[in-house]
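Undergrad: As a plain string of letters, each chain reads:
Protein chains: 2
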Amino acid sequence: MIAKSQKNWSGDAAALLRVGEGFALADVDPQSTPGYEKTKVEAAEDLASGAGQLDEYQERLFAQSRVDATNASVLLVLQAMDSAGKGGIVRHVVGSVDPQGVSITAFKKPTPEELEHDFLWRVERRLPETGIIGVFDRSHYEDVLIGRVRELAPTDEIERRYGAINEFEKRLTDGGTRVVKVMLHISSDEQKARLEERLERPDKHWKYNPGDVDERELWPKYMEAYQRVFERTSTEHAPWHVVPANRKWYARIAVQNLLLEALESIDPQWPAATFDVEVEKKRLAAT
Amino acid sequence: MIAKSQKNWSGDAAALLRVGEGFALADVDPQSTPGYEKTKVEAAEDLASGAGQLDEYQERLFAQSRVDATNASVLLVLQAMDSAGKGGIVRHVVGSVDPQGVSITAFKKPTPEELEHDFLWRVERRLPETGIIGVFDRSHYEDVLIGRVRELAPTDEIERRYGAINEFEKRLTDGGTRVVKVMLHISSDEQKARLEERLERPDKHWKYNPGDVDERELWPKYMEAYQRVFERTSTEHAPWHVVPANRKWYARIAVQNLLLEALESIDPQWPAATFDVEVEKKRLAAT
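These protein sequence lines are chains A and B, in that order.
Residue numbers for the first sequence follow this note's numbering, so the first one is 21 and each next one is one higher.
Residue numbers for the second sequence follow this note's numbering, so the first one is 21 and each next one is one higher.
You may find that some hints are simply not true.
Remember, identical chains collapse to one label, so a pair may be satisfied in a single copy or spanning two.
To be verified - Listed next, the in silico DSBU-like pairs over lysine-lysine satisfying Cα-Cα at most 35 Å (straight line):
(1) Lys301 to Lys27
(2) Lys129 to Lys190
(3) Lys129 to Lys27
(4) Lys301 to Lys227
(5) Lys224 to Lys241
(6) Lys27 to Lys302
(7) Lys241 to Lys227
(8) Lys190 to Lys128
(9) Lys302 to Lys190
(10) Lys212 to Lys129
(11) Lys224 to Lys128
(12) Lys190 to Lys301
(13) Lys241 to Lys129
Quick caveat, the hints were computed from the structure, so don't treat them as lab data.
Let the hints inform the model, and build the full structure from the sequences given.
TA: In structure tokens:
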């Protein structure tokens, strides 16, 4: 029996984090821990117990997809400013699932081949198969975030994309994929501290890119672009969640909780045998 | 400082497991634990400590590949009879590595499109990128194993494939990929017990396939085909290792050890900064 995802929480985390009518990113405190009133140490314990649940859910999801006519999968879309902790989510939350049941794609600057197609082309190719938890580390939302801030496409093309994204995600959810969209929200000061740490530690230098400082100058424009994304693409079928991420431990249990909730809503079951178990026992015994 | 992979072992595991001149699969006891004289409980502790080492090695490998002109990657090729524990290796050994640093492919029965190409075509497409640990759960060796046993190709085509595999793997290793080839070796009785367990447990029924019993009848032919594979494709640049796997805990630390050894031989280092650290600190401070 799998425990309910909410048991460690003082409130309905998914509801508290969901972007709804009248949402303003500027009102979210990146330091806060909505719905969770326990300590960092307790959060680590809750993360460990949730890890086992997540793993079992995914195995059930996969097992059922092999046998029954189900089409369920989960797609976690992660967006954030640099150093907000996407990699930590993948390592510490998704990493608790059997690696055979996970498909991770880190979307980089589009290749020349990718640019020869619509912006959703490369995304389509990386969708998770049935039974799998897919993770997008960055996604099609880059095309309306950096795309807007850096004016990589004309305004009317950016406008077109919001609608295209909504229709695309509607098709995914209609087809059985639970789309869990998460923006990890850190403060500009927190990013500064994290980049400083990368500069202090030789084993972190490889993660630092001088371009990060240039992007920092555009912080307000990025926040504006995120606000626009939330207004245009937080839909009934695929709502956004803004997760305060200055405290890494909070962001991790919060995203784990969103994944658990998505899997609970699928409620995958071990499939029944498609063969006669007693006949097979006899056949096997005879070998 | 990363500890040496051999410290928990009473002998050189890689050398003990390696298929060399005069090797006979029939002489390997699937119940044995070559080079390891400790208990199952101690093995679990050793596996946990090796997990951290493997994770750090992979992160260094990846970091270095982003910055320096290196081409190193690791490819673990897993072959075995059904239920020998390939999935457990992926989950419990490979699962300790950051999922962003791992690429797993489970090769199934070839698709019609794959059959329109040479047998190495689909394999080529799934090779790990630089800095990544790739895992093949089954591989191009199926084409000379089931391919031979079930006569899916003419004899001279099977013969051609051994040479093609050797040349292919030589190119990979020349290009910087460490190829770690492992056969997990269980006894026929152990397989019977594991299949019986799948039939006993409703949460394991989905893993059982009536065809498994038919394959069991061909056990001696498969052992013959494996022996042939070892004779023809255990090369200097990409040797085979036969890992006794009746004891799952032994198979896991043994494969972990082979991976650690491969990474030690690469000896990846944190790359030096490609920018002026002091200049960047000032630029960042000014934001």
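Undergrad: Using 35 Å as the alpha-carbon threshold, which applies to Lys302 and Lys190: within, between, both, or neither?
TA: Neither way: Lys302 and Lys190 sit 48 Å apart in one copy and 46 Å across, limit 35 Å.
Undergrad: Up to 35 Å between alpha-carbons, please classify Lys301 paired with Lys227: within, between, both or neither.
TA: between (55 Å within a copy, 14 Å between copies)
Undergrad: Classify it for me, Lys129 with Lys190: is the Cα-Cα distance of at most 35 Å met within a copy, between copies, both or neither?
TA: both (25 Å within a copy, 33 Å between copies)
Undergrad: At most 35 Å between CA atoms: does that hold for Lys190 and Lys301 within a copy, between copies, both, or neither?
TA: neither (45 Å within a copy, 45 Å between copies)
Undergrad: Tell me, please, which holds for Lys129 and Lys27 at an alpha-carbon limit of 35 Å: within, between, both or neither?
TA: neither (40 Å within a copy, 43 Å between copies)
Undergrad: Between copies, within a copy, both or neither: which fits Lys241 and Lys227 at Cα up to 35 Å?
TA: Within one copy only: 24 Å inside, 51 Å across.
Undergrad: At most 35 Å between alpha carbons: which applies to Lys224 and Lys128, within, between, both or neither?
TA: Within. Shortest intra-copy distance 20 Å satisfies the 35 Å Cα cut-off; inter-copy 39 Å does not.
Undergrad: Please work out whether the CA atoms of Lys212 and Lys129 approach to 35 Å or closer within one copy, between two copies, in both situations, or in neither?
TA: Within one copy, since 23 Å is at most 35 Å while 51 Å is not.
Undergrad: Please work out whether the CA atoms of Lys224 and Lys241 approach to 35 Å or closer within one copy, between two copies, in both situations, or in neither?
TA: within (27 Å within a copy, 52 Å between copies)
Undergrad: At most 35 Å between alpha carbons: which applies to Lys301 and Lys27, within, between, both or neither?
TA: neither (41 Å within a copy, 44 Å between copies)
Undergrad: Is the C-alpha distance from Lys241 to Lys129 at most 35 Å within one copy, between copies, in both cases, or in neither?
TA: Intra 19 Å, inter 50 Å, cutoff 35 Å: intra-copy only.
Undergrad: Evaluate Lys190 and Lys128 at a C-alpha cut-off of 35 Å and name the case that applies: within, between, both or neither.
TA: Both: 24 Å inside a chain and 31 Å across chains, each within 35 Å.
Violated hints, listed in ascending order, are 1, 3, 6, 9, 12; each of the other numbered hints is respected by the structure.
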